[in-house]
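**Student:** Here is how the chains run, residue by residue.
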Amino acid sequence: MLRGLADPVGDGQMIFRAVLQAISRPGCIVAVPGPLEVPPPLHPAAAAFCLALVDFEASLWLDRAARTTAVIEYLRLHSGALIVDAPGTASFALIADVSAMPALDAFPLGTDEEPERSATLILQVASLHAGDGRRPTGPGVAGETRLRADGLPPAVWSEIRDNHAAFPRGVDLVLVAGARLAALPRTTRVDL
Amino acid sequence: MSASVTDIDARRRWMSVLAKAEADELESVWRELPATPDYRLLRGPEVGLVMVCGRAGGTGTRFNLGEMTVTRCTVELPGGRVGHAYVRGRRPRHAELSAVLDAMLQDPVRAAAGAQSVVERLATAQARRRRAAEARTARTRVEFLTLVRGEE
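So the protein sequences, as listed, match chains D and Z.
Sequential numbering from 1 applies to the first sequence in this note's numbering.
Sequential numbering from 1001 applies to the second sequence in this note's numbering.
Calculated from the structure, these hints are not laboratory results.
Even for Gly, the Cβ is constructed at its ideal location relative to N, Cα and C.
Heads up, a few of these hints could be off.
Partial pick of chain Z residues on the chain D-facing surface, computed with a CB cut under 10 Å [unchecked claim]:
hint, residue
1, T1074
2, E1076
3, G1080
4, V1082
This is chain D alone, in the form it adopts within the complex:
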């Protein structure tokens, strides 16, 4: 088994703060402190997100690539997460292989009365770059921001556009590469 965060309280707060920054500034790339050890195929930022934000009261769905014994043991020990089998019952989802991910609307989208009952999806991509690529717009985006996520299939980008169109329903996305992450909440519009 592997070790988790060096300082569960202090690191957890720093990770929470970084994720808050990323979600309030959609498209901006932030670095997060990583755990001491991370089981493959998880990226350090994806593991950090789970250890800081997922606990025994949250349900977590893992895709086929992430659903290894080592990952499940690691998340159970360090986060206490309830690992679920159906995407439709998850409040968080960790997707290690975005080329084979389920449709965004396979996850809880919330309702018009209770939009907060939706899922937050962590998508692992090959790399993230600022300055070129897609142009997110909407609340929290000042001027022009550009975000490129290598490895994210074009079909997922068109789902992200449709996800915004269903506002206030929809999922919130966190893109992760290595020790960095960027968020695309449902308030953000990304034109193709």
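Given chain D's structure and the hints, the job is docking chain Z onto it.
**Tutor:** For chain Z alone, coordinates are given in the frame of chain D:
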């Protein structure tokens, strides 16, 4: 890895004995062990709160009695065996040693090489303390008669 019911019962017993040991007792039996493994800390020792639940009578509904401080620790031995411990209060060293002993006791070789006798010594000391406490309280015991049933 699946464990049989007797394995679970045995582990439950030694985890209970280790958790109820006095800190200095545990420290001294630890020092007397013929060999102690190089272990690494996977989690903690860390202090937190747990809610203690109770039931009034045997069939009452569950209620929250109150929160108590607990220290927990998880360690791994070189062979990959993982030991856990939850002990009352703020006792990081107690939790750490108990977790290491829990991992050692799961290994039949290490258990036979001293870890099992540690548990027996701790259990004997606990039984002795319990008997002493019972003897002290027995002297002030009051026997009530049940008048309605007309005993005696």
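**Student:** Are the hints correct? Go through all of them and say.
**Tutor:** Hint check results:
1. Interface hint at T1074 of chain Z: satisfied, since its Cβ lies 7 Å from the closest Cβ of chain D, which is below the 10 Å cut-off.
2. With its C-beta approaching chain D no nearer than about 6 Å, E1076 of chain Z sits inside the 10 Å limit, and its interface hint holds.
3. Hint status for G1080 of chain Z relative to chain D: holds, with the closest Cβ pair at about 8 Å, below 10 Å.
4. A distance limit of 10 Å between C-beta atoms decides the matter here; for V1082 of chain Z the minimum to chain D is near 6 Å, and the interface restraint holds.
Checked against the numbered hints above, the structure violates none of them.
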